[in-house]
Amino acid sequence: MQSIPTIVGVTIVAFALIRFIPGDPALLMTGERGASPEVMREIRHNLGLDRPLIVQYFSFVAKALSGDLGVSIISKRPVWGEFKDRFAATVELSLVALGWSFMLGIPIGVIAAIWRRRFLDYFLMSISLVGYSMPIFWWGLLLILFFSVQLGWTPVSGRISALYDIELWSGFLLVDVWVRGEGFAGFRNVLSHMILPALVLGTIPMAAIARMTRSSLLEVLREDYVRTAKAKGLSPMTVVFVHALRNALIPVVTVMGLMLGTLLTGAVLTETLFSWPGVGRWLVASVLARDYPVLQSGILLLSLFVVAVNMSVDVLYMYLNPLLRERLK
Amino acid sequence: MKSKAWRRLKENRGATVSLVFLVVWVFLALSAPLLPLYDPNQVIDGMSLQPPMWAQGGSAQFILGTDDLGRDLLSRLIFGARISMGFGFLCVIVSVLIGGSLGVSAGFFGGWWDRLVLRAVDILMALPSLLLAIVVVAVLGPSLWNALWAVTLVALPGFVRISRAAVLAEREKDYVQASRAFGAGRLRQMVKVILPNCLAPMIVQATLGFSDGILNMAALGFLGLGAQPPTPEWGVMLSDAKSYLETAGWLVTLPGLCILSVVLSFNLLGDGLRDAFDPKL
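First to last, the protein sequences are chains A and B. Reminder that position 52 of the first sequence reads as 52 in the numbering used here, one-by-one numbering, no gaps. Reminder that position 19 of the second sequence reads as 19 in the numbering used here, one-by-one numbering, no gaps.
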């Protein structure tokens, strides 16, 4: 419920965006040379720009709710159609990136916490801090330089090689290659395109998760119930993995929600670097091309997505934390 | 209290090394026009893509080599530090001033003002940071200064939240009550009594804000939405170097190393400061 004002705020920001832009949207659509005054008036009328702001705002919201997000100036296609395939590409990449960063980040954090203040801890935490500070667009260039240019192991750009002409089904190519009967060869082709971008995109989340897991676990290990568990004579392994880790991971899971912003930010850079046909690259291109309908709706959709994910994380957090679970019922 | 924190910071090797490293960078950046360097934008005829001194074909004339147009890389990197660190500094100052006043006043006064500020922060945080910056750049147009406003706006929510939380934690403490009993006005309570005790978390946030600011400015430069060529900005230099990945690796590695080392140092320093101020963890 708390997120409703935020959602309203986001729609206002997206709405205001196109009004703040220097220059007349009608002029932008007709091109630099402009058109006759009648045509301009007609375009403005069609865009609803001649009506009061408040009416324009509500009509923008009403249209967005009914799925009409405007038409791209560049491609002349409806924004929603342009958005959904790219969004799937971004989500697929983000999921793979998030997946590996959790799978590696949590064990690294646990190991560092167990061997606290020993060499292994310092070593792993130094690596994490470097990862955390990484300018990922540079990291991506280095990986391309090594794996694509020098070793020639991975393709430099795109999602799948041009030989495959796959009609999207779920939008996730890792799934769609199987659905469209391209089998393992197709799967491997998609994977080879994805591995470097996913590695780049997951680097900062991985480092953040490792650091978070470590500090959270160290905090939990000081709790009374952990001392009790140790006193009962449970092995250190049982204490850490059965008793402590479950509670230590609660804040880490909430970080997942915050991580989404990091991921989408990273996606803008990663996609630009690897020519990944996702939302991030699309939005940057639309800024440079001054394609404002795309920018407006793209920003709106992405922020709504972020708000929605944050809400689900809140619910998940309540579910994971027994003290809050009662309130949920 | 302060000297204790300072001592703990000095014992933290990572933080001290970072501090020294950053001081050296700041010194280099400030004195760049006085150093015996080429003009960073001077195109030297027939000297394009010279490798660094230690590589085959390199010479001491261009210690770190030259770029595709024949500009001295060392000079561009040092002048780039002026931009990255200078604008990082501006970003932190502006966000501390604006974010700090918003957060402190919201925490101190509470009520509708607090709710309004928090709501605005929530909306800003619903947009992923770089996308928010992109929106700002879309409105203002791509340039170095507009990138600064964009990056500052992105940094604001963090400062508002941290300072508000610190004020909330301090507001009801006995010494504040005592100052009230002695007749301190609201402004005095806020600025002279509470604020000095909220500085520690804000200093930490400011240090970490440096690294975010520098990274985001470089990212915008890299995307073509920030500083524009021929400005010697690290992100722009990386973006220019993309086409020379195979032939001139140093154009890619060196600017990136500069960004990484500076950002890493600010993060190490920030971590060290946090531990020094708050030794519980």
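Hints are computed from structural coordinates only; laboratory data are not their basis. Glycine is no exception: its CB is placed at the ideal position from the N, C-alpha and C atoms. There's no promise every hint is true.
Per label pair, the in silico range of CB-to-CB distance [claimed, not checked]: (1) A:75 - B:86: 52 to 58 Å; (2) B:59 - A:174: 36 to 42 Å; (3) A:16 - B:36: 26 to 32 Å; (4) B:36 - A:188: 51 to 57 Å; (5) A:84 - B:247: 48 to 54 Å; (6) A:75 - B:111: 44 to 50 Å; (7) B:44 - A:75: 39 to 45 Å; (8) A:65 - B:11: 55 to 61 Å; (9) A:65 - B:109: 33 to 39 Å; (10) A:246 - B:56: 53 to 59 Å; (11) A:164 - B:59: 28 to 34 Å.
Taking the hints in turn, this is what the structure says about them:
1. A:75 - B:86: 52 to 58 Å: Violated - the Cβ-Cβ distance for residue 75 of chain A and residue 86 of chain B, about 40 Å, lies outside 52 to 58 Å.
2. B:59 - A:174: 36 to 42 Å: violated (50 Å)
3. A:16 - B:36: 26 to 32 Å: Roughly 51 Å apart at Cβ, these two residues miss the hinted range, so it is violated.
4. B:36 - A:188: 51 to 57 Å: Taking Cβ atoms as reference, residue 36 of chain B and residue 188 of chain A lie about 55 Å apart, which means the hint holds.
5. A:84 - B:247: 48 to 54 Å: Violated, since residue 84 of chain A and residue 247 of chain B (Cβ atoms, about 40 Å apart) do not stay within the stated range.
6. A:75 - B:111: 44 to 50 Å: About 49 Å separates the Cβ atoms of residue 75 of chain A and residue 111 of chain B, which means 44 to 50 Å holds.
7. B:44 - A:75: 39 to 45 Å: holds (43 Å)
8. A:65 - B:11: 55 to 61 Å: holds (58 Å)
9. A:65 - B:109: 33 to 39 Å: Distance hint for residue 65 of chain A, residue 109 of chain B holds at roughly 37 Å.
10. A:246 - B:56: 53 to 59 Å: holds (57 Å)
11. A:164 - B:59: 28 to 34 Å: Given a distance of about 49 Å, which is not inside 28 to 34 Å, the answer is violated.
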